[in-house]
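Asker: The lines below spell out each chain.
Number of protein chains: 2
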Amino acid sequence: MCSPEVAKAVQDRIAREGRPALSRRNFLKLGGAAAAGLAVAQLGLTARRAAARSSEGALPAVIDLSYVYATSVPTYTPGEEPARSTVVTVQDNGFYIQKWELFEHSGTHMDFPAHFIADGTTVDNYDASLLVGPSVVIDIKAKAAENADAMLEAADIEAWEAANGEIPDGAIVLMNSGWGQYWNDVAAFRNADAGGVMHFPGFSGEAIQWLLDNRNINGIGVDTLSLDPGNSATFDAHYTILGAEKYGLENVANLDELAAHPGALVVVGVNRWEAGSGGPGRVLALVL
Amino acid sequence: MCSPEVAKAVQDRIAREGRPALSRRNFLKLGGAAAAGLAVAQLGLTARRAAARSSEGALPAVIDLSYVYATSVPTYTPGEEPARSTVVTVQDNGFYIQKWELFEHSGTHMDFPAHFIADGTTVDNYDASLLVGPSVVIDIKAKAAENADAMLEAADIEAWEAANGEIPDGAIVLMNSGWGQYWNDVAAFRNADAGGVMHFPGFSGEAIQWLLDNRNINGIGVDTLSLDPGNSATFDAHYTILGAEKYGLENVANLDELAAHPGALVVVGVNRWEAGSGGPGRVLALVL
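Quick mapping for you: the protein sequence lines, in order, are chains A and B.
Going by my numbering, the first sequence opens with residue 1, and the numbers climb by one from there.
Going by my numbering, the second sequence opens with residue 1, and the numbers climb by one from there.
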């Protein structure tokens with residue numbers, strides 16, 4: 001909402017009544033008895049929530065697998081960083097709104113079949129029930145630390161299963177290469193050589209084919225810019241997963257934390273982009 | 001990814017190898033023994049998934065509470081519809097990407113405290129654990145059918161509790177006014193009169209204050225364009241919920257279906273917009 005009429009109504013209200021409710025920061029600035037009374041009430045709620053979470057039927061803990069969707073994010077193709085501008089502000093207009101320009105494959109985002117497959121399903125038409133599934137985090141940090149071109153191979157999946165049991169139906173299988181440590185350093189995260197070829201880990205096409213042949217997964221994900229390793233020119237991982245009408249997540253955050261909670265339920269909260277080839281969204285894991 | 005180098009690599013691969021995996025539609029076009037063999041394998045997977053979902057430890061059913069994020073969506077302010085353009089296509093470039101221009105308050109989206117409160121929390125810094133909570137759907141369809149300016153009042157909440165028990169901690173309290181029936185008709189959904197004033201239902205500020213005083217909710221939501229009724233000039237609902245550092249969801253879909261599953265877990269998958277006043281995202285409900 002940012003029409004002149006709305007802005008005027010909001011400004012008039014502020015002039016007439018002031019703010020009808022305290023923000024958290026203003027609350028913290030208050031002193032005296034009124035604040036003390038409010039503080040007791042607020043602490044009561046906090047205690048009540050904590051009790052609810054620690055009892056039977058508690059709300060799940062939540063692990064945030066999305067990075068901030070920022071103008072500074074590393075991108076596969078330089079120039080595809082999102083841009084934002086301020087449309088109106090609380091100070092000048094009574095309320096605050098930003099406008100965004102973005103490419104679908106930026107930030108923590110999803111690749112859907114239509115990204116590589118001419119008649120593949122787009123985001124808006126994809127079965128929402130497949131956006132939820134148990135997490136499987138496969139750690140290849142040791143070999144990725146030695147070789148930036150390392151791939152998650154079928155042998156890594158078999159080793160994971162030997163230690164953890166069979167990958168469950170509906171799983172979202174995530175590569176944890178340790179690459180998240182470079183997220184805030186665009187050059188290190190892209191790791192391009194003098195010829196412009198990037199070097200970071202990804203899935204091998206064979207590993208994905210093994211999952212498709214032997215297990216019933218919902219999708220895959222990586223902590224890097226691409227499902228394929230950065231130096232791939234053939235995009236085997238993309239073709240294999242998207243060609244099977246499944247999806248891939250890129251730039252997934254906090255995989256060490258997720259790995260500590262096996263079987264956490266991953267919810268792929270991709271905005272329902274019309275005709276979308278994929279796109280940014282919120283990925284949350286629920287520890288139930 | 002849409003650099004010329006990438007496009008060339010993908011086109012070269014297509015020329016050299018053809019598509020490495022079948023899309024669903026191509027699969028359906030196949031005939032003969034190979035297709036029959038594939039069909040058996042595919043049916044096997046489908047049966048396996050169905051079995052998994054109906055047994056103990058099954059994956060949750062998912063209710064999609066987001067509309068398609070389309071260029072045709074109704075908006076509070078005309079001119080704030082999202083726009084999309086095609087950057088590259090599979091046919092011409094080997095892969096498909098769109099670019100978007102959007103305002104944060106369009107489609108199924110969220111209002112965060114910073115939308116109305118100068119020092120309120122933005123999307124990127126909001127506690128992710130508060131984005132998940134049990135659904136409470138309060139039906140005001142009868143009075144909304146008689147009066148488009150109807151409000152969800154404290155009495156409606158008390159009546160809901162008399163029938164259903166106390167609103168649980170962490171709840172996301174959703175107004176079901178029946179307005180979703182007009183979603184695909186922009187004029188009917190906005191329902192503006194000759195003077196440009198819109199008429200659709202919303203929360204009263206008093207109802208939200210009742211929830212803040214008496215229950216420990218995470219947020220609220222509506223099946224209309226605004227938390228306040230369309231004819232509001234004072235935005236009591238916005239100020240009350242956002243001033244309490246909580247959030248509101250607008251244009252929430254499929255509330256009749258959600259109401260049939262009391263206590264379904266709502267996951268507010270808002271993209272983690274940097275400095276965001278709110279923004280579009282995927283809202284899913286899990287029937288656990």
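Derived from the structure by calculation, the hints contain no laboratory data.
All C-beta atoms, glycine included, are put in the ideal place defined by N, C-alpha and C.
There's no promise every hint is true.
Now the stretches of chain B that chain A is said to cover, found in silico as 3 or more residues with beta-carbon under 8 angstroms [as the list claims (entries may be wrong)]:
1) 114–120
2) 261–273
If you want the footprint, here are the derived chain B segments under chain A, 3+ residues with CB under 8 angstroms [to be verified]:
3) 66–78
4) 90–98
5) 126–135
6) 198–206
Asker: State for each hint whether it applies.
Answerer: Hint by hint, here is what the structure shows:
With 7 residues having a beta carbon nearer than 8 angstroms to a beta carbon of chain A, the segment 114–120 of chain B meets the requirement of three or more and the stated coverage holds. Counting residues of the segment 261–273 of chain B whose CB falls under 8 angstroms from any CB of chain A gives 8; the rule of at least 3 is met. Remark: the segment 66–78 of chain B is confirmed as covered by chain A, as 8 of its residues place a Cβ nearer than 8 angstroms to a Cβ of that chain, reaching the required three. Using a Cβ-Cβ cut-off of 8 angstroms, 7 residues of the segment 90–98 of chain B lie near chain A, which meets the minimum of three, so the contact claim holds.
Here the segment 126–135 of chain B counts 6 residues with a CB under 8 angstroms from a CB of chain A, which clears the bar of 3, and the coverage holds. Judged by the Cβ-Cβ criterion of 8 angstroms, the segment 198–206 of chain B is not covered by chain A as claimed, because only 1 of its residues qualify and three are needed.
When held up to the earlier numbered hints, the structure conflicts with hint 6 and nothing else.
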